[in-house]
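In order, the protein sequence lines correspond to chains A and B. Take 0 as the starting number for the first sequence in numbering that gives the first Met the number 0 and just add one per residue. Take 0 as the starting number for the second sequence in numbering that gives the first Met the number 0 and just add one per residue.
Heads up, a few of these hints could be off.
[Stated by the list, open to error] Result set (SDA-like, lysine to any residue): computed pairs, CA atoms no more than 20 Å apart in a straight line:
(1) B/Lys217 <-> A/Val17
(2) B/Lys217 <-> A/Gln102
(3) B/Lys217 <-> A/Pro96
(4) B/Lys114 <-> A/Asp324
(5) B/Lys217 <-> A/Val110
(6) B/Lys113 <-> A/Ala11
(7) B/Lys217 <-> A/Met123
(8) B/Lys114 <-> A/Ala11
(9) A/Lys112 <-> B/Arg213
(10) A/Lys82 <-> B/Ala211
(11) A/Lys82 <-> B/Arg213
(12) B/Lys217 <-> A/Ala105
(13) A/Lys112 <-> B/Gln209
(14) A/Lys82 <-> B/Gln209
(15) A/Lys112 <-> B/Tyr212
(16) A/Lys82 <-> B/Gly315
(17) A/Lys141 <-> B/Ser293
(18) B/Lys114 <-> A/Val17
(19) A/Lys82 <-> B/Tyr212
(20) A/Lys112 <-> B/Lys114
(21) A/Lys82 <-> B/Ile207
(22) B/Lys113 <-> A/Tyr10
(23) A/Lys185 <-> A/Leu172
(24) A/Lys112 <-> B/Ile207
(25) A/Lys82 <-> B/Leu314
(26) B/Lys217 <-> A/Met98
(27) B/Lys217 <-> A/Thr140
(28) A/Lys141 <-> B/Lys217
These aren't lab readings, by the way, just hints derived from the structure by calculation.
Read off the chains here:
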Amino acid sequence: MLSVNSLFTEYASEHGTVVKAAQNVSFEVPEGKLFTLLGPSGCGKTTTLRSIAGLERPTAGEIEVAGRAVYSSSRGIFVAPNKRNFGMVFQSYAIWPHMNVFQNVAFPLEVRKLGRREIERKVMRVLTAVQLDHLVERDATKLSGGQQQRLALARALVMEPQLLLLDEPLSNLDAKLRDAMRTELKRLQREFNLTTVYVTHDQTEALSLSHEIAVMHDGFIVQIGTPRAIYEQPTNQFVADFVGQTNFVGGTVTAVDGAGSCQVRTALGELKALATDGVARDAAVVVSVRPEDLELSEQEIRPDAGDNVIRATVYAKDFLGEYLDFHVKVGDVVLQARAHPSLRTPTGDPIFVRMRAEKCVAIRTDTAPRGGFDANEMKR
Amino acid sequence: MTEAVGRWGPGSHAERARWRFDSRWVLIGVPVALVVWLAIVPLTFLFWQSFLTPHTAARPAEFTLENFRIAYFGGETFGLFVNSVIFASGTAVFALFVGTALAWMNERTNTPFKKLFFALSIIPLVIPGILFTVAWMLLASPKIGLLNVALQGLFGTDYVFFNIYTMAGMIWVDGLHYSPIAFLLMTAAFRSMDPSLEESAQMSGASILQIAYRITFKLAWPAVLGSLLILFVRAIESFEVPALLGLPVGIHVYTSAIFNAIHQYPSQIGLASSYAITLLVLCCFGIYLQSRLSYQSSRFSTVTGKGFRPRTIDLGRWRWLAASLFVLYFVVIVLLPFLVLVWTSLQKFYSAPSWDALSRLSFDNYFAVLDFPGFWTTVQNSLFLSLTCATTIMLVAAVISWVVVRTKIPGRWVLDTLASMPLVFPGIVLGLSIMICYLYIDIGIYNTIWIMLVAYVTRFLPYGMRYVSTSMMQIHKELEESAAMSGASWSMNFRRIVLPLLKPGLLAGFIYVVIVSIRELSSSILLYSPGNEVVSIMIWELWQNGQYVELSALGVMLILLLFVLVMIAQIIGRRFGIAER
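Extracted from the complex, chain B is given alone in its bound form (with noise of 0.2 Å):
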């Protein structure tokens, strides 16, 4: 009898120490390593580099500023930092707008088939940067545009009504493509804030606009703004519509500028790593920004009481003008860069709807991509890629989270930043920063399969993070102190009360994980070498040989897929009862 109290009753000081001290050692230590190596090293390389000259065959390289003057002072300086800022500010703001009126509309109205529109606000993101370029690309370049040659035909004109390689046409690319990040960020500000706010203000003897203009979005401001700054560094980070629109006509921001150094001989890698320094401090400063807006405004944190069935504003004959809003952005958003590719993907060589070419419809352009040499190469490796990032995603962000929701150890949030700290990254310095890491450091994953590997990770462990740990949150603490004291220790614990409560989170973080590694371009464009391509790349590759038949058919089939991979998440996703929240 005493022996079994002292096995299971408080262990003895020594005991206890002891065990603080292995853990301690194991749970910090392991994933600080980890972290620091993903995060931290490349970043190192990147800025020693910045200070170096290209290396070629004849002369070896030399401690230089010259990187920098270029950087700074150079004639295309201005220029380009003026192009970043104002093809970022567009795009954020304009995709802060679309998505915000459509998350009001959808959270807040009694606009008709809201359900059915936020299920499809889903449907965008499954379609790759790339193609959504591409597509816009067929639709309104000035020449062989689509929506430009129907318009010609119907007024008899050659006026050119569109045209996608401008800065408007960029801002018009890149916001609507993210403007379903906008859509969700808003829908989770309008959803966590107590609809008793607005009701109050309604008895009060607010009308409908005073309700709007003074309740609902002076809370959502703090929102509004963090959502604007989000989405701000996603713009000055994306490289496709940049690098397949801007390039062209010799508009350039910094991620592709960081392209164009790299792709030149010889390899101008000094001068890119410092462009790219100066977009990670322009992307850090904006993620600062938005840190210190979001601290500020859990003030506001305005989650209180019951929930309560939020109560719907009666928009009355206006809610049909909603509906056609929401039907018209889907058509612009889905529907017709979608049909563009079924089109072009049908025929031999490219050209605009009409009976003649309609006589011409064949699937030849697929079964050409599926005899592709190599196409099932690649196609393996994105499968590789992604299953195998997911999975070492989750697990080794289950035990992160673990570590900084739970536990009381002093420095977890330093593990917290280092784990978050790959968000700030855009994909193409991350990239690079790999790229130089790697061409020092030999062990002998440069040139393969599993530096994209690394990359991968490193970049897409903020999001495994953010879906392990918002779970992690909602698990009761008492419910792994119930476990312990039924005797379970604390692998146990993880293993039988952690990980299986965490199961829908970790699955939805999962199949998210595999479905933007998927589509992953602007990391691997910098990594990938013969042999080891993946889909985004060979749909990259097709684009620079301008078989745009050829890619359109291969886009349709990965766009097809991709949305599987949605569905079935979505599915999984109801079954084991995670809201869309």
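Pulled out of the complex, with its shape left as it was, chain A reads as follows (with noise of 0.2 Å):
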């Protein structure tokens, strides 16, 4: 459905530098799924989401919707965002203050010269998606936060957009309203099947709302995969480290199979882990091992076939009402485990501690965090 290939947007700044927003940025969004662009501050997935809008014009790629190319600097192709039919929701909503509500979701309608009847009826059917129906007359700027945020949904949605795009859309409301209102977005997003694409830093709302997501990393798209595959399975050290916490533990492969499991020689001896592309034998690589996937028990555990089982000391406990953080020590090495808080252990005690191998994730360290999620440049 929406297909960005090879996509370059950079723009000077104002002290004159040139700002590499996006650099050589791929991805394909299929009919009705929920992309989402993730990454910290300054990593370019706004510049992204622009250059898709056609806000920003990009330096060289293509970007095709159903088909029609939007932008292509092969072709010297680049629609204009009111020819685009995009929907757009802004991170400050971009309420116009001088409309009511029914005025603001009516007026892409009315440029679009629609009569007042079915101006009317579209209106009034998104807002009552979108539970505003109550408020048609209210002025603009004296809706709350969330009522603002939902507001600028039913604009974008009135048009029945080919795509909709969010740039950060729940990051001005507080944390209790957040929630329902990612809900509130998934229930939309997946009863009208809009093809989306949404950015956002919160590594939350990446994995509860998407189908597939891409990590950004200064320009660089580093790894796109379904939820599980990004959290569970990162290729890269900045992937594991930016979305959920991990442990980190450094070392050397002694042995790579086939399957696509290797052996690593740590400080918490040899372990058994998954590896990741690019692994091979005498690789320095660190080893990913989520808290979650620690599971610590006061008696000896028999290991099993594909288990790494550790003798730790309990080196300190921090109470967090649904779980415990448990700090174990191996060695000179602090691992971070999540427990269930009925695990009592004294802090000082003697516990061991199971990792199974898929979980343990090896990941090259001597490839840059930032290649470019290019098949071929990784293989290369």
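Two chains, two frames, some hints: make the complex.
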């Protein structure tokens, strides 16, 4: 449906230096799916989104929607944003303060010269969908944050866009409201089957909303995958670190088998781990293990075939209500583990740790974390 | 240990109450007294004087309503009112039209060389009104105007193409002179607009014209109307253009009528006062409407979200037309006036450019001006006045703004209102009221340079206030609070935290006040006395004597000086990172 190919967007900053905001960005979004660009601020995710919108003019690349090129550097195509028919929700919502709720939503239809009756019908339908139908006459500036957010969404949806673009739509809401709106957004997206590109720096939003996520860093996409793949099998250290919490243990690969697993010599001893792309014998790697994948037990654990079992000492504990954070020490290495609050091993006592091999992900460290997500490049 | 706690911990109730009692008195009392003295007292005298007959050697002043009878029911009344309103609204509309068009092109389109144009747009501010008016007289007067002479030569007729001594001519000159202000006001309005408001309209499918009409201008409307009112008030107060272009041909407006009433024998101070009161009422009404409007438009406050690089509209090939409009504007507002002054200053007697005249160029006029008796005293007076005035204003403004912006002292808004009030006073009205005031209250400053200092400080205090309180609002309150938590006293806090952080604002305001003080004419014209002339008065006198060539030489030097000052201000501004917004 949406296809972005080798997109580069650069612009001159106020100081005159060139900002390389999007570098060789390529991805596909199938019809009706929600695709998220995730990354820290300044990673180029908003610029990529604005390039799709047409609000930034890219320096090179191709952008196609349903077979229609809206931007192509090779063919010299640039479709103006107002001719693209993409709905967009801005971070600041961009609610027009001189119009009321109805007028805000009606605007996209008015500029398309629809009849008054049809405008009214469509506006009311979309306002009902976002539950603002009781505030039709309200001044747009007198809405609460959540209502403004829904109004912005309604305005983007009313024109039945080919593509919905969301630029950090939840970041201006407080935590409780954000959770509610996230669920709401997901419901609407799935219900209307909207092809959506979503930009956020919040991993929870990305993981819970998306069909697919692209993690961006310094203008490059560093990994694309389903939320589960991004979380469980990060292919580089940046992704593992940025998405969720993790433990990194450095080491050297001693053996690789053809089935995608490997042996790594670390400060914790020999670990069986999952080999990601580029992991070969003698390669320097880090092994990433999520805190919830460290199983703790006071009794000695008998390792199964695919298990790593280590004997450690309880170093510190943080009680956090629904779970406990254990810091366990093996030699000089401190690992973080998440445990059920019923585990009450005192600090200083010995404890056994089991990490399943498929949960330990070996990631090469000598490849630069920003490589660009380009399959050919990675193999080379 | 306990002692330390007692000392640094929260004070006892009694201690706190005493602090609040003391500081309230000092903080509110002193500035209020000062501002009341500056802003209110002279007005009272003006009001009182308007009910008195002229005081002459033969007859003492008596109570009368005659002044108001002449002012409101005299033969000229209606004409005066109509002229003033036509002149002011014409000027305001013309200036706003030019300023808005330029601001929109500069802020919202991809017109080439925009940065350069924005820098150039500051330059017109350095040409004082009197010089701008004289320059346009030299350009477009029916007899000697260069443009007329040139066009007449070109077409071989003696048809008068331009006549600057008309209402249209006055509006042209004054409108051009105020257009940079309109440009800056509208630039600010365009900048404070969240660009995503326009972007979201574009994403909704609106074309450039639809966005411009339905979003940009609808949102800018309150700012447009507000700017129009500000310009109207500025125009109705302006003195130079009506005095130089209107008086010789009998087109009278309030400011020139006041001047005329004073400069006849016996001085009709009472009549001048009643004109002044009328003018003041008109100005107050304008400013009142403007403040109502800006209150209402605060609903429209559109400064939200993160600041993104505003996207500009692609004008395509039209951008070169836009650029040439900028060039034309620059020619009309800076280049032509300045060049005609330079040309004139190099002549023995005024004449149109020709090969013959070219052979007579000399710098004699410059030496003549430098050798004028009293020239150096005049320069000294101007420098003394502008520097002293700027220093005083910035200090007073810093304290007042701090009280207004930072404290929760009840009644602080009164202080703000009082200090901003002189903004409404036309220069000539202020000059008149101060003149009357110190004629009656003899504290020995009448006929000295100090009375002009009082006038300048009163007149420009509001500008200082704007500069300081804007930068004050940008200082986060917690910066001061953390200094207090570190144990700094109020005065320490003010000296070590507030003032240094305000420095860019103070400096910018200081230079601005210096510039406007050097240009000041309409108050000084009623207050100066022999030996206390300032540069603008010297120009005025040269004009009255018809010494155009010497006037031009002096004018060129003054413009260059002001230009250097503005450049210094820009450089300082850049170094301290005050953006031009």
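Unmet hints by their number, sorted upward, for this structure: As far as the earlier hints go, 1, 4, 7 and 20 are violated by this structure, in ascending order.
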